[in-house]
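A.B. asks: Those protein sequences? They're chains C and R, same order as listed.
In case it helps, my numbering puts the first sequence at residues 258 to 524.
In case it helps, my numbering puts the second sequence at residues 258 to 524.
Misleading hints may appear alongside valid ones.
Stated by the list, open to error - Listed below are several chain R residues computed to face chain C (Cβ distance under 8 Å; list not exhaustive):
| id | residue |
| --- | --- |
| 1 | G399 |
| 2 | L413 |
| 3 | V450 |
What the hints assert, rightly or not - Label pairs and their computed distance ranges (CB to CB):
| id | chain 1 | residue 1 | chain 2 | residue 2 | range |
| --- | --- | --- | --- | --- | --- |
| 4 | C | E327 | R | A274 | 43 to 53 Å |
| 5 | R | A274 | C | V502 | 50 to 60 Å |
| 6 | C | E327 | R | R279 | 49 to 59 Å |
| 7 | C | G264 | R | N421 | 18 to 28 Å |
What the hints contain is simulated information worked out from the structure, not anything from laboratory work.
All residues carry an ideal CB built from backbone N, CA and C; glycine is no exception.
Number of protein chains: 2
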Amino acid sequence: FLLPEPGWVLGAKSDAAARRCREADLAVILDTAEVPRIGRVKALIRDLAKVVIDHHPPGKRPIEGLVLSEPAACATGELVYELIDRAGGPWNAVIARALYIAILTDTGGFRFTNTTPECLRIAARLAELGASPEALHRAAYGRFHRRRFELLREALATLTVHRNGRVAWMTVPADAYGRLGATIEDLEGFVDVPRAIEGVEVAALFRTTSDGRIKVSLRSLPPVDVNRIAVELGGGGHLRAAAAVVKGPLEAAIAKVVARVEEGLLD
Amino acid sequence: FLLPEPGWVLGAKSDAAARRCREADLAVILDTAEVPRIGRVKALIRDLAKVVIDHHPPGKRPIEGLVLSEPAACATGELVYELIDRAGGPWNAVIARALYIAILTDTGGFRFTNTTPECLRIAARLAELGASPEALHRAAYGRFHRRRFELLREALATLTVHRNGRVAWMTVPADAYGRLGATIEDLEGFVDVPRAIEGVEVAALFRTTSDGRIKVSLRSLPPVDVNRIAVELGGGGHLRAAAAVVKGPLEAAIAKVVARVEEGLLD
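I would like the entire structure built from these sequences, with the hints used as guidance.
C.D. replies: In structure tokens:
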């Protein structure tokens with residue numbers, strides 16, 4: 258999510274990005290502290306002093322510089338809020354909007370477990386400072402291409418609730434990208450469908466990758482740990498949201514994953 | 258939404274409700290101030306002193322008693338929060354959960370225009386007092402029957418974006434209730450589909466009522482006023498969310514409503 262000011266975004270390959278980096282005194286890296294995650298930007302900011310602000314758990318190949326790391330923050334936007342707030346501002350509506358959308362999207366619209374009292378209190382303050390909750394929710398979640406819903410219709414035709422009612426999944430037709438012009442972005446939130454069915458504890462979305470393997474996204478309700486299941490399948494993620502890529506064909510992948518999930522439910 | 262303590266709910270016809278009302282000293286009426294909206298309850302509380310707490314605009318047939326009315330409140334839950342807070346409590350997790358869900362659902366998950374700074378600040382305080390944003394979001398929006406999604410699939414097959422791209426609608430198959438065992442509750446949020454399509458300013462959902470007429474739900478983005486359109490069609494509601502019941506058959510109803518909406522867009 259690079260809302261609400263798309264005009265600020267420069268491609269890492271662009272001349273404009275190279276010029277900006279030459280003219281800059283400082284590089285501020287947000288939302289990751291890891292060298293492998295910044296790609297081409299690494300070379301662009303080689304000679305600049307660096308400040309890293311992130312809320313992810315520290316990884317293996319940290320970016321060197323001054324690091325502000327706080328995994329308890331609901332979003333990197335919360336840390337940026339604190340920095341500006343402790344400096345006494347200055348505040349304006351553009352900053353308020355940017356930080357609101359950071360918090361909104363990192364909490365899934367104030368619904369994930371990182372929606373803390375502090376997170377809601379900061380959102381309140383940002384709304385006071387000029388962020389419009391309605392307009393920003395619409396910007397983040399209310400502007401889909403029509404083909405997203407055509408794809409959803411096809412995926413819904415595959416919705417399966419496992420016989421015990423605790424596991425449900427959907428698949429995305431392998432030819433949908435070509436036929437509908439759909440992209441992976443169009444799949445945003447699809448896994449929420451099987452997750453939202455009453456009684457379901459583990460939800461999965463299966464899609465075929467460009468190299469013919471099967472990507473499975475897993476979601477769970479407390480206390481089920483899908484990260485452990487994903488790790489065993491060669492992937493990983495978070496406790497309640499994880500993913501893995503497994504061998505095809507689709508039917509074999511579903512059978513394998515569902516069997517593993519059922520073991521997880523018995524644990 | 259009568260979450261999160263369904264055990265508290267008594268049917269207005271039940272003996273238990275009659276007994277409770279006989280034993281009570283006071284009747285507190287929440288979220289409406291209108292006699293026609295309380296149905297059978299009116300007779301049950303006839304001899305009791307009454308307190309009315311509501312955030313809807315005052316109507317024509319008010320319930321008599323002590324009335325606390327504040328249309329600027331995001332939810333009646335905000336008013337109840339203020340009352341308890343100003344009294345200095347007592348607070349417990351059950352009260353915090355009940356008020357949180359009132360605010361959550363009346364703001365559509367913190368996304369409607371009534372999501373004010375005050376609303377978010379109260380949500381923060383309620384989370385501190387024991388309301389879990391994740392669990393309560395799941396309770397309100399994460400427990401659907403599977404048939405909801407079967408119905409959604411059929412409705413998506415009818416998704417139409419009008420040629421100018423500013424109006425979109427879906428219809429619900431007239432026989433879906435019988436065939437899928439679906440209820441009107443299963444349609445919750447369906448109108449968000451056409452509304453979420455990029456460029457759409459007015460979204461509609463059409464469904465056939467039990468008496469063969471056509472109910473249309475309308476949603477708009479600022480600045481379009483669908484209330485005015487709904488009033489002209491014999492219905493009403495709010496500025497951005499309104500509804501009307503019009504004559505069938507379905508195709509004629511769609512043509513009529515879409516023509517009226519197009520005029521509204523030209524205004």
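A.B. asks: Are E327(C) and A274(R) spaced within 43 to 53 Å by their CB atoms?
C.D. replies: Roughly 51 Å apart at Cβ, these two residues keep to the hinted range, so it holds.
A.B. asks: A closest beta-carbon separation below 8 Å is what the hint needs, so does V450(R) meet it against chain C?
C.D. replies: At about 6 Å, which falls below the 8 Å cut-off, the nearest Cβ of chain C leaves the hint on V450(R) intact, so it holds.
A.B. asks: Given the hint of 49 to 59 Å, is the C-beta distance from E327(C) to R279(R) inside that range or not?
C.D. replies: Given about 57 Å between the Cβ atoms, the range holds.
A.B. asks: Regarding the hint that G399(R) lies at the interface with chain C, is the smallest CB-CB distance below 8 Å?
C.D. replies: Interface hint status for G399(R): holds (5 Å vs cutoff 8 Å).
A.B. asks: How does the Cβ-Cβ distance of A274(R) and V502(C) compare with 50 to 60 Å: does it lie in that range?
C.D. replies: Since the Cβ atoms of A274(R) and V502(C) sit about 56 Å apart, the hinted range of 50 to 60 Å holds.
A.B. asks: Given a hint of 18 to 28 Å, does the C-beta separation of G264(C) and N421(R) actually sit inside it?
C.D. replies: With a Cβ separation near 27 Å, G264(C) and N421(R) satisfy 18 to 28 Å, so the hint holds.
A.B. asks: Does the nearest C-beta of chain C fall within a distance shorter than 8 Å of the C-beta of L413(R)?
C.D. replies: 4 Å, holds
Hint violations for this structure: none, all hints satisfied.
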